[in-house]
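Chain order of the listed sequences is A and B. Using the UniProt record's numbering, the first residue of the first sequence is number 1, and each one after it goes up by one. Using the UniProt record's numbering, the first residue of the second sequence is number 1, and each one after it goes up by one.
Misleading hints may appear alongside valid ones.
BS3-like mimics (lysine-lysine), calculated; alpha carbons at most 27 Å apart, straight line [said to hold, decoys possible]:
{"no.": "1", "chain 1": "A", "residue 1": "Lys510", "chain 2": "B", "residue 2": "Lys434"}
{"no.": "2", "chain 1": "B", "residue 1": "Lys510", "chain 2": "A", "residue 2": "Lys223"}
{"no.": "3", "chain 1": "B", "residue 1": "Lys499", "chain 2": "A", "residue 2": "Lys231"}
{"no.": "4", "chain 1": "A", "residue 1": "Lys135", "chain 2": "B", "residue 2": "Lys612"}
{"no.": "5", "chain 1": "A", "residue 1": "Lys317", "chain 2": "B", "residue 2": "Lys267"}
{"no.": "6", "chain 1": "B", "residue 1": "Lys63", "chain 2": "A", "residue 2": "Lys411"}
{"no.": "7", "chain 1": "B", "residue 1": "Lys440", "chain 2": "A", "residue 2": "Lys58"}
{"no.": "8", "chain 1": "A", "residue 1": "Lys63", "chain 2": "B", "residue 2": "Lys411"}
{"no.": "9", "chain 1": "B", "residue 1": "Lys63", "chain 2": "A", "residue 2": "Lys425"}
{"no.": "10", "chain 1": "A", "residue 1": "Lys35", "chain 2": "B", "residue 2": "Lys411"}
{"no.": "11", "chain 1": "B", "residue 1": "Lys439", "chain 2": "B", "residue 2": "Lys425"}
{"no.": "12", "chain 1": "A", "residue 1": "Lys434", "chain 2": "B", "residue 2": "Lys510"}
{"no.": "13", "chain 1": "B", "residue 1": "Lys434", "chain 2": "A", "residue 2": "Lys138"}
{"no.": "14", "chain 1": "B", "residue 1": "Lys36", "chain 2": "A", "residue 2": "Lys411"}
{"no.": "15", "chain 1": "A", "residue 1": "Lys293", "chain 2": "B", "residue 2": "Lys28"}
{"no.": "16", "chain 1": "A", "residue 1": "Lys36", "chain 2": "B", "residue 2": "Lys434"}
{"no.": "17", "chain 1": "B", "residue 1": "Lys33", "chain 2": "A", "residue 2": "Lys63"}
{"no.": "18", "chain 1": "A", "residue 1": "Lys35", "chain 2": "B", "residue 2": "Lys439"}
{"no.": "19", "chain 1": "A", "residue 1": "Lys36", "chain 2": "A", "residue 2": "Lys63"}
{"no.": "20", "chain 1": "B", "residue 1": "Lys439", "chain 2": "A", "residue 2": "Lys135"}
Output of the computed footprint for chain B on chain A, the stretches with three or more beta carbons under 8 Å from beta carbons of chain B [stated by the list, open to error]:
{"no.": "21", "segment": "42-52"}
{"no.": "22", "segment": "286-293"}
Per label pair, the in silico range of CB-to-CB distance [unchecked claim]:
{"no.": "23", "chain 1": "A", "residue 1": "Asp83", "chain 2": "B", "residue 2": "Gly233", "range": "50 to 58 Å"}
{"no.": "24", "chain 1": "A", "residue 1": "Pro525", "chain 2": "B", "residue 2": "Lys594", "range": "54 to 62 Å"}
{"no.": "25", "chain 1": "B", "residue 1": "Asn249", "chain 2": "A", "residue 2": "Ser490", "range": "51 to 59 Å"}
Everything labelled a hint here was simulated from the structure, so no lab data went into it. No residue lacks a Cβ here, since even glycine has one placed at the ideal position from N, Cα and C.
There are 2 protein chains.
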Amino acid sequence: MLRRLQMTLSDSFKKLSLSKQADSTATKTLLFKSKKSPVPILVLADANSPTSASDIGKKINLKDLRAADDSLWSSLLKATKNDASPFSLDSDCHIVLDQSLSQSTTPIEVKGVDGQFTSIDANTLTEILQSNATKFDKLDFAAAPAAAPAPSNAPAAPTSQQRKQAGKIEGAAEVAVGIRKDVDFPNWYTQVLLKGDMLDYYDVSGCYILKPWSYNIWQAIQKFFDGEIQKIGVENCYFPMFVSSRVLNREKDHIEGFAPEVAWVTKAGESDLDEPIAIRPTSETVMYPYYAKWIRSHRDLPLRLNQWNSVVRWEFKNPQPFLRTREFLWQEGHTAHIDHDSASDEVDYILDVYRRIYEELLAVPVIPGVKSENEKFAGGFYTKSVEGYIPTTGRGIQGATSHCLGQNFSKMFDITVEDPEVARKARAEGRQLKEGEGKKFVWQNSWGLSTRTIGVMVMIHGDDQGLVLPPPVASVQVVVVPCGITAKTSPEDAEAIEKGAKAISDRLVKIGVRAKADLREGYTPGWKFNDWEMRGVPIRIEFGPQDLKKQQALCVRRAVNPNQDKEPLPLSQLEEGIPKMLDRIYDLMFNKAKDSFNDSLEVVNDFDRIVKALNEKKVLAIPWCEEVACEKDIKERTENASDGDKDEKQPSQGAKSLCIPNDQARFGKIEHGKTLCVGCKKPAKRFALFGRSY
Amino acid sequence: MLRRLQMTLSDSFKKLSLSKQADSTATKTLLFKSKKSPVPILVLADANSPTSASDIGKKINLKDLRAADDSLWSSLLKATKNDASPFSLDSDCHIVLDQSLSQSTTPIEVKGVDGQFTSIDANTLTEILQSNATKFDKLDFAAAPAAAPAPSNAPAAPTSQQRKQAGKIEGAAEVAVGIRKDVDFPNWYTQVLLKGDMLDYYDVSGCYILKPWSYNIWQAIQKFFDGEIQKIGVENCYFPMFVSSRVLNREKDHIEGFAPEVAWVTKAGESDLDEPIAIRPTSETVMYPYYAKWIRSHRDLPLRLNQWNSVVRWEFKNPQPFLRTREFLWQEGHTAHIDHDSASDEVDYILDVYRRIYEELLAVPVIPGVKSENEKFAGGFYTKSVEGYIPTTGRGIQGATSHCLGQNFSKMFDITVEDPEVARKARAEGRQLKEGEGKKFVWQNSWGLSTRTIGVMVMIHGDDQGLVLPPPVASVQVVVVPCGITAKTSPEDAEAIEKGAKAISDRLVKIGVRAKADLREGYTPGWKFNDWEMRGVPIRIEFGPQDLKKQQALCVRRAVNPNQDKEPLPLSQLEEGIPKMLDRIYDLMFNKAKDSFNDSLEVVNDFDRIVKALNEKKVLAIPWCEEVACEKDIKERTENASDGDKDEKQPSQGAKSLCIPNDQARFGKIEHGKTLCVGCKKPAKRFALFGRSY
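Let's have the full structure, built from the sequences with the hints guiding it.
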């Protein structure tokens with residue numbers, strides 16, 4: 001274990017100084033044992049947090065907790081209690097991390113395995129400890145021990161210490177996210193995903209658990225997409241996840257793009273495999289040998305197959321849930337066509353389905369266009385994409401890609417048919433085809449959309465209270481919470497309120513609204529409000545004694561509702577009013593996101609303006625020559641001119657092309673020969689979107 | 001490559017003598033080159049097949065084929081043409097295999113890498129060659145070269161030579177399976193799957209491609225199952241496919257069952273991983289650490305999650321499509337409960353959903369029951385299963401399993417809640433809970449169903465003409481084929497027939513029948529009939545001039561219709577008649593399979609009868625003591641008494657317990673203390689099903 005920890009640490013220390021920093025958080029390491037626990041308990045806490053054995057014991061439900069003696073320190077951590085490092089751990093242990101450390105925005109000072117203090121960021125620290133713990137807890141050491149078991153998603157109330165930290169929200173509700181989106185976006189994103197019940201961190205770095213709340217969104221996307229591709233005759237199938245190295249290496253340009261990230265299986269049980277076998281990073285080379293076999297005549301075209309699967313790309317950049325993960329879910333479509341026309345029609349059709357998934361399901365505006373030579377798919381002919389924009393970071397993000405592979409792969413894999421036109425002509429001329437005459441390599445496409453969609457949606461719509469889900473994909477669109485039941489309420493009235501809440505939900509379910517009555521016992525209405533708010537449910541209906549009397553549902557919109565305005569809706573208008581309200585919520589969300597994207601688009605005609613505009617979080621439309629060297633040059637020059645750390649594991653500060661938008665007219669006019677490229681001053685061809693990106 | 005081939009060969013030679021056998025097929029190895037092919041062409045053919053370069057060239061569309069010179073033999077195969085082995089191949093090559101060899105039921109004699117002839121079976125030979133070929137073809141050398149390109153699924157016509165072989169069907173239609181189910185079941189199964197367009201063999205041994213025709217069936221099963229589990233509140237999610245070795249090894253009994261088959265990732269790109277990472281063989285240890293984290297109170301119970309994914313079990317037994325594959329698709333449900341009652345209710349509910357999938361969707365009768373101690377899930381409390389039966393081989397087959405894991409895993413992973421009953425009692429007594437009082441380990445279940453379902457369905461319903469699909473899962477339920485259009489037919493009549501066929505299909509689609517008009521050009525109606533027959537479409541409608549005149553659809557049922565009877569259905573009754581006919585087809589299929597299962601069930605009270613009954617392809621219900629040692633003893637004694645090869649890679653000839661059926665009454669009465677176990681003569685507890693199995 002030691003060796004792995006050191007490796008991981010040395011990676012994460014690249015950007016952090018090894019000397020003690022002024023603006024950093026000091027820590028202490030403690031070790032306990034308990035008769036109730038089969039393993040020792042190691043605690044890493046803020047140096048200022050109260051950490052009595054009895055307080056900690058109450059919080060982790062091990063009331064007989066006592067400090068470890070020297071022999072335990074020495075056997076477990078190979079050190080005395082004064083110079084022990086939590087990273088020296090070499091056997092099973094329950095690790096308890098101070099929650100304030102896991103949320104810290106300043107570097108954390110922890111004793112390293114060499115006995116010296118070293119700096120580490122909160123995410124890395126959490127991940128390392130979690131992945132090495134037999135059992136792992138984050139605890140709020142400052143909070144009083146809870147009297148009753150906390151519901152599983154309820155984080156502890158923020159402490160005064162936490163509120164002092166930058167990015168924390170003063171007076172935030174008990175169960176809100178607790179970190180401001182506009183101040184500490186990366187931590188906000190993590191917290192929203194965790195507290196919104198979308199995912200959990202996992203034992204293997206770069207992999208995440210998709211909980212039902214996010215997986216439901218993926219299923220909604222699947223359902224829509226399957227319907228749209230079925231219309232053009234695409235069928236689903238499943239190819240194995242393993243690829244032999246021989247097949248993987250067939251297309252050289254293509255594999256060059258993926259080779260550094262390919263995961264290799266070399267052992268089964270105790271036996272070494274005779275030949276290592278790769279896990280697919282994408283399936284072009286997996287599938288195309290079979291296309292060569294299956295496509296025997298032009299009558300077999302178009303062949304259109306799609307699969308929903310997971311692929312593995314073992315990236316060494318910092319992982320980020322949904323956006324960059326080592327295993328991710330996606331669909332990959334692979335099709336073969338008689339000619340370029342048929343292939344390119346499909347590229348456009350699929351691209352538009354992708355646009356509709358972003359815009360119509362996720363309320364996320366995207367710009368469709370074609371990728372530059374630099375950014376196109378390795379081994380392909382051209383790539384079209386939809387490009388999104390994250391206002392908080394000012395970065396563009398590729399939404400999905402639809403590639404025309406041309407005939408490159410069909411030549412490599414010998415996927416041919418006899419050209420029916422040539423054959424017809426020969427027949428008309430009354431002659432046989434000559435050897436090889438009319439042999440035609442098919443045209444191919446591939447296109448993919450991944451769970452990244454979900455990450456983009458969260459980044460764009462989420463707010464300081466948590467997730468905000470667009471109605472089309474929310475697995476609960478309306479939650480009904482019975483309210484106002486107190487000790488004074490008569491049992492009859494209480495029952496009438498609960499029944500009324502249930503009846504509202506039942507009526508909505510009947511007309512196809514995904515509604516739910518939250519009748520959980522033991523939680524206050526306020527706690528429920530916050531719970532559903534954090535999880536982003538589009539409409540909350542409060543139903544209390546007054547509402548029962550007035551026969552109304554008090555509706556609170558989650559999205560674009562800064563003052564938490566409540567709208568009463570007569571129960572008689574429920575079936576009409578709620579679907580309308582859901583539509584309005586979608587419009588509000590989409591228009592807000594669209595305005596924000598539009599406001600951040602700037603046509604730039606002067607190179608000096610580029611970095612300034614990037615720093616203002618803009619995406620740039622520039623007249624561009626479309627040459628590879630020019631794109632590289634723009635990226636390099638803007639990277640050098642930008643502030644901030646240069647870290648291979650972080651997204652680049654330089655600008656790269658996002659796409660050349662289909663809709664050119666909105667950016668003005670390129671006069672051929674007159675309008676010059678902003679990068680290199682050669683004649684510009686079209687407007688291209690440039691920006692920092694994920 | 002050499003080393004791998006030798007390894008593979010030495011495995012498959014275990015059962016085959018190395019000396020030349022009397023009843024075996026001799027072969028010849030040929031080598032060609034062509035200007036049209038980037039790689040040489042190696043041909044392995046029956047020694048008696050005609051193999052002129054020009055004939056072969058025409059068949060593989062390389063008309064300039066010429067024999068290789070000595071230098072090519074030597075560079076490619078490291079030998080002269082007289083002692084070269086096709087297994088010595090060490091670089092890219094197009095391999096062409098004589099189809100009669102790939103279908104041979106006798107051992108095939110091939111030159112081994114040592115220059116000596118060695119025996120090999122057809123499947124292994126095909127797999128080895130296929131997995132080492134850059135391009136692979138099976139060709140019928142005896143058939144005349146085709147004039148036009150063959151449609152992708154059409155195998156060549158059987159030759160006289162082939163018909164002579166055992167198992168081949170005399171006078172079989174051009175596109176039928178060509179191998180009799182009751183004579184050569186393994187080859188029949190492979191051919192039905194290939195020609196029925198269900199799957200294709202793959203480059204990595206033990207992995208198969210699920211083509212849309214089979215994947216659609218899987219999707220139908222998914223849809224049904226998702227609906228049924230949603231009713232009890234199960235939600236779908238996705239856990240990563242990777243498991244750290246630490247987590248995998250947490251539950252010892254459990255991992256012992258899987259360890260020998262776990263695939264390990266040890267490299268990413270060019271880098272060795274610090275620690276090998278396993279690919280999940282199942283997800284208990286993947287998921288349960290998070291259950292421990294997520295379940296904080298009894299209010300979080302039951303927690304019911306399901307995932308649709310693929311798992312990897314690197315088995316070294318002979319792979320068999322759908323039944324035993326190294327990667328397979330399945331669903332795995334994992335749930336946690338407050339007590340045994342809640343858990344066991346769910347085990348039964350899920351078991352019944354599995355039964356319904358087999359019986360109601362696939363028309364496959366199964367017997368639900370509980371597994372013996374020997375056969376239960378490693379680390380679980382008890383396992384229930386549905387057990388099917390393959391009449392042709394007389395083997396039982398486990399259909400799906402629903403496990404109650406008891407508290408074993410929850411103790412291992414520390415998944416606990418405070419018992420609400422104990423807490424309530426303490427409150428009633430006006431006292432606080434004592435330390436650890438009322439701590440309750442949750443009860444857990446896991447349950448899974450895999451694509452094996454599809455294999456069982458094929459084995460049971462398929463016939464000598466190919467697949468037979470049960471209407472509930474057939475992605476095409478009705479195919480309409482326009483007929484009787486000849487050179488004499490007027491263009492108007494031809495159009496009316498085609499339009500009529502299309503109209504029939506449209507009307508059926510409108511009422512929810514999955515219908516399709518086969519209007520493909522360039523294929524005769526006869527070819528289409530056979531094509532859809534091979535693919536198992538439940539109803540074929542022939543629509544010709546007579547039918548147009550009489551305004552009728554001529555319906556031909558695929559299943560249980562030995563004489564290919566045709567039933568005319570007035571077009572006016574289409575919407576009423578076709579759904580009824582589909583229902584009837586389901587009934588016919590299910591009842592036929594059920595009768596065959598019932599006829600093969602025999603209550604056996606005498607040990608000596610067991611092996612005889614097994615040899616008569618029976619499944620036995622025996623009064624049984626239910627003890628582990630007795631089951632092992634029965635297996636051993638029946639194995640020793642059975643004829644046939646003993647081969648680790650083949651299914652055992654011994655009898656093991658399939659399940660202890662829920663419905664005991666059908667087998668008679670066990671008198672406690674009086675009825676004795678057939679195996680060991682101790683008192684019997686219940687009837688158990690014993691049989692040979694997959």
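Worksheet item: Does the structure break any of the earlier hints, and which numbers would those be?
Response: 1, 4, 12, 17 and 21
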